[in-house]
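Peer 1: One-letter residues, chain by chain:
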Amino acid sequence: MSFATRVDEALADRNLKLAVERTAGTAEAKRTLAVDAFPDFDAARDRAAAIKDHVVANLGHYLQAFEANATAAGAQVHWARTAQEACDIVVRLCKAANAKSVARSKSMLGEEIGLPHALAEAGIGRIETDLAEHIIQLSGERPSHIIWPAMHKTREQVSALFKASHRAPHEEETIAAMAESARRHLREGMLAADVGISGANFLVADTGAVCTVTNEGNAELSLVPPRMHIVTAGIEKIVPSTGHAVHLLRMLSRSATGAPLSQYTTFYTGPKRALDRDGPEEMHIVLVDNGRTTMREEGLAEMLRCIRCGACMNHCVVFRQIGGHAYGGTYPGPMGAVLTPAFDGLKQSRDLPNACTLNGKCQEVCPVRIPLPTLLRGWREKSWREGLEPASLRSGLGTWAWFARRPRLYRAATATALRAMRLMGRSGWLTRLPLADGWTRYRDMPRPTEESFMAQYRKGRRS
Amino acid sequence: MTAAPAPRVALFVTCLVDLIRPRIGFAAIAALEAAGCEVIVPEAQTCCGQPALNSGDRKTAEDLARRAIAALEPYDHVVIPSGSCAATVRVHYPEILEHDSVWGPRAHALAAKTYEIMAYLDEVRGWRPDGVALPATATYHDSCSGLRELGIKRQPRRLLAAVDGLALKPLAGEETCCGFGGTFCVKYPAISNAIVGEKAAAIDASGAELLLAGDLGCLMNMAGKLHRDGSPVRAFHAIELIAGMGDGPAIGEEA
Amino acid sequence: MTARADILARLTGTATPAGIAAEAAALLIAPERPRVDPAQVEETFLARLTLSSVAATVDRIATLADLPAAIARYCADQSLPLTLCVPPDPRLGQCDWTGFTLHDRAAPDEPAALAIARCGVAETGSLVFETGAAAPMLPNFLALHHIVVVPQVVAYLEDATLPGAHPRAHYWVTGVSGTTDIEGTYVRGAHGPRFLHVIRLG
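Residue numbers (numbering that gives the first Met the number 0), protein chains in the order written: chain A, 0 to 462; chain B, 0 to 254; chain C, 0 to 201.
Calculated directly from the structure, the hints in this document are not laboratory data. All values reported here derive from a predicted model rather than from experimental measurement. Where hints are given, some of them may not hold.
Partial pick of chain A residues on the chain B-facing surface, computed with a CB cut under 10 Å [what the hints assert, rightly or not]:
hint: 1; residue: Leu10
hint: 2; residue: Phe37
hint: 3; residue: Phe40
hint: 4; residue: Glu172
hint: 5; residue: Phe342
hint: 6; residue: Thr356
hint: 7; residue: Met420
hint: 8; residue: Leu422
hint: 9; residue: Met423
hint: 10; residue: Ala454
Here are the computed distance ranges between Cβ atoms for each label pair [unchecked claim]:
hint: 11; chain 1: C; residue 1: Gly98; chain 2: A; residue 2: Ala191; range: 33 to 43 Å
hint: 12; chain 1: C; residue 1: Gln39; chain 2: B; residue 2: Ala204; range: 40 to 50 Å
hint: 13; chain 1: C; residue 1: Pro87; chain 2: B; residue 2: Glu174; range: 23 to 33 Å
hint: 14; chain 1: A; residue 1: Asn14; chain 2: C; residue 2: Asp36; range: 28 to 38 Å
hint: 15; chain 1: A; residue 1: Thr293; chain 2: B; residue 2: Lys152; range: 46 to 56 Å
hint: 16; chain 1: B; residue 1: Glu253; chain 2: A; residue 2: Arg21; range: 36 to 46 Å
hint: 17; chain 1: C; residue 1: Thr184; chain 2: A; residue 2: Thr373; range: 50 to 60 Å
hint: 18; chain 1: B; residue 1: Ala5; chain 2: A; residue 2: Ala390; range: 41 to 51 Å
hint: 19; chain 1: A; residue 1: Gly124; chain 2: C; residue 2: Ile28; range: 29 to 39 Å
hint: 20; chain 1: B; residue 1: Lys58; chain 2: A; residue 2: Ala412; range: 18 to 28 Å
hint: 21; chain 1: B; residue 1: Ala166; chain 2: A; residue 2: Glu27; range: 23 to 33 Å
Idealized CB from N, CA, C, for every residue including glycine.
With the sequences and hints as input, model every part of the structure.
Peer 2: Next up, the structure:
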């Protein structure tokens, strides 16, 4: 399905619009309160960006330090160049553990590498334990937001999904009763799972710890009972120490939900110790590149600062109209419009960096100061260089640029254009313009005056 | 005003003002002269190159930037009645010509003396409209490039506060993009329409008679939507009111 | 080449480990954070606990000997039986648990679990735990009511971090399990505890 078709469907869906406004609008308001209450958020953003830049600049050093410390704590570290390699490692580990079912705690990297699909192919049962991911799993969809993956679902849709699949579903049609039904259903699955799979919000180099952040507590319930804990994490998730993680956690939760800190922040260091009462026997950490070293080499290093807070999409006028699915990739919104061409190829996703007004709001709210508009403009330049932009745009812009380089001819051409536009209407407004249907389909165009400014000025008009 | 000699100010009117609404250019001249400037309109100007820059046509953007630099650099200051065009010169020319050892430094030099008109009148000239009156209510939309790339927020409000009888009403979401986005509005018209539809509703809800902003592109988008929706709100570039031309035809009204 | 070698080959740098360490340390000097008045650490902690995002109830006891009575009060308030999952912590063995039914393995639908936090954090109202022989993790997530003894309070999250080698899990609990995943409506007790009761010791 093309981007245009997905956009048309999204714009026609009033439920989607209401859902996006409710979730993103609330997040926007809460973030504003949290940021206003923070002593010096701008300086904190500078520091957060500097921490991430420091890590990305010294990534090889930190990955090896992390590997050494995680290994010393008893974890096994694996490396994957591609999504396929990462999935293969996870499937192999699950099979070695003779896993019938895995409990997965929401991870965007897992979505990025297609892990749900790989587990299904391998015949391994999977339960998604984040409530929204559970809804998405039942509906067979992809997440529409990185923080609220099921934001596009109404309570009626959720109710129907739960009634069709939960053993003892809710009877009362309230959101609390639906959540309770999911609690019962998922708890059974989590306690019975053979393997728990999570992503990582941070990989702490100097301790070898993996940090997860949730509000539901589903990560801990998914990762403590099973025999094996597998982590899949992008290599850019490294921080030098817990102290650095603390700074980024302050930024992450405020930017995502407006909270000073998420409800559950856990640092897992290796598997169960000899005297521990619970925890997995084995811990495996899969460090995934999947294009990140290429991004670092090819002008997208700043994108590796991203801590996946979702603020850019919550504040994006385009996302607020079309929601997440229209973007067609794992990651929606402005950050997704930068990442998707890197993951899926520019040819398939050239619309994403273009479908943006470059208003700069995303950059203004980004906790790690990613220059998203600049990066999106970079993709546009690549798309232009590679000839992916439509011929009509290339020739139109080419003609305009030819005249713009020649002021005298430009004046003559604009005079002709003005005369033509004057003829298209009699009032002050033009309601149909043959070459600008995209404009006049939805709005009127002010009818230009008879002569351009430059023509009038040359004739001596000064006021 | 100071007794210093009048600065020679090049007015870069922008391609949209040149074609669609010349009176913004004449309002700019009037305000600059009232603020003690000698105004020159360089003949060689066409477009700052923003459409090429934002479409990814870097080569054309650089080419047009060099031409604009050559046309505008002989003057003390360059003033532009558009936040986004001024940001193109001030922010993006130095970026895109950074690799050019000849034009890079010239781009930086031009950027340092180029201003959006209201920022120039307010901050550089310290000027206020004197004896300008317009009994009306207005609401102000902060266009994105001016706001976020040049920090234009209080300058237009300070100037408008000196217009007698003009009352500014708050606009919900005044810093939210109107959905114009240059070529975005014709490349993705349905998304643009959804965005400007919400903006038009917010403008209507403000209860103001006039809509003001500092960028003609955004104004055409918002005014065109308001008119299509049958709203009575009339739209002007803020400099028109500041220059005492707020009693004339609004955008889309025949003179 | 192995994946590891391949990836690391593309990430070589010229910085020395000492240089990197110095730069990393410099990035932590005087971090921006919500200010906690050093004279008001205790009060700030208690105020944070009652924020809607944390939503804890609070009690105070002077010594651990008072703990069973405090828990009995809470259970009475909440109409809970005096049945409790208690970690095998020697400090708790000294309490007089007469009238209580105690166990140390949490059931899947455990009504209430007791835990001793290492400390509380005033900045956020967080409770800090580490796993160990006397401190299992699972009961703190399975129970509907999480009852936590807090023997000391520190000002900032940085003060709660552990130097040196880490236990299997080090975790911060800042409120009850919550979700806004269905229509943005906040629901308590999504997966883990629906109620958090803090008993400040000392």
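Peer 1: Range hint 18 to 28 Å: satisfied by the CB atoms of Lys58 of chain B and Ala412 of chain A?
Peer 2: holds (21 Å)
Peer 1: Are Thr293 of chain A and Lys152 of chain B spaced within 46 to 56 Å by their CB atoms?
Peer 2: Once the Cβ atoms are compared, 39 Å apart, the range 46 to 56 Å for Lys152 of chain B and Thr293 of chain A is violated.
Peer 1: For Ala5 of chain B and Ala390 of chain A, compare the CB-CB distance with the range 41 to 51 Å and indicate the outcome.
Peer 2: holds (50 Å)
Peer 1: Please verify that hint: Leu422 of chain A, Cβ, nearest Cβ of chain B, below 10 Å or not.
Peer 2: At about 15 Å, which exceeds the 10 Å cut-off, the nearest Cβ of chain B leaves the hint on Leu422 of chain A violated.
Peer 1: Using Cβ atoms only, decide whether Met420 of chain A comes closer than 10 Å to chain B, and label the hint accordingly.
Peer 2: holds (9 Å)
Peer 1: Once the shortest beta carbon distance from Phe342 of chain A to chain B is found, is it less than 10 Å?
Peer 2: violated (20 Å)
Peer 1: Holds or violated: is the Cβ of Thr356 of chain A closer than 10 Å to a Cβ in chain B?
Peer 2: holds (3 Å)
Peer 1: Taking the Cβ atom of Thr184 of chain C and the Cβ atom of Thr373 of chain A, is their distance within the range 50 to 60 Å?
Peer 2: violated (38 Å)
Peer 1: Starting from the range 23 to 33 Å, see whether the pair Ala166 of chain B and Glu27 of chain A falls in it by beta-carbon distance.
Peer 2: holds (29 Å)
Peer 1: May I ask you to test the interface hint for Met423 of chain A with respect to chain B, counting a Cβ-Cβ separation under 10 Å as satisfied?
Peer 2: violated (14 Å)
Peer 1: Does the closest beta carbon of chain B sit nearer than 10 Å to the beta carbon of Phe40 of chain A?
Peer 2: violated (16 Å)
Peer 1: For the range 36 to 46 Å, tell me whether the beta carbons of Glu253 of chain B and Arg21 of chain A fit it or not.
Peer 2: About 44 Å separates the Cβ atoms of Glu253 of chain B and Arg21 of chain A, which means 36 to 46 Å holds.
Checked against the numbered hints given earlier, the structure breaks hints 2, 3, 4, 5, 8, 9, 13, 14, 15, 17, 19 and satisfies all the rest.
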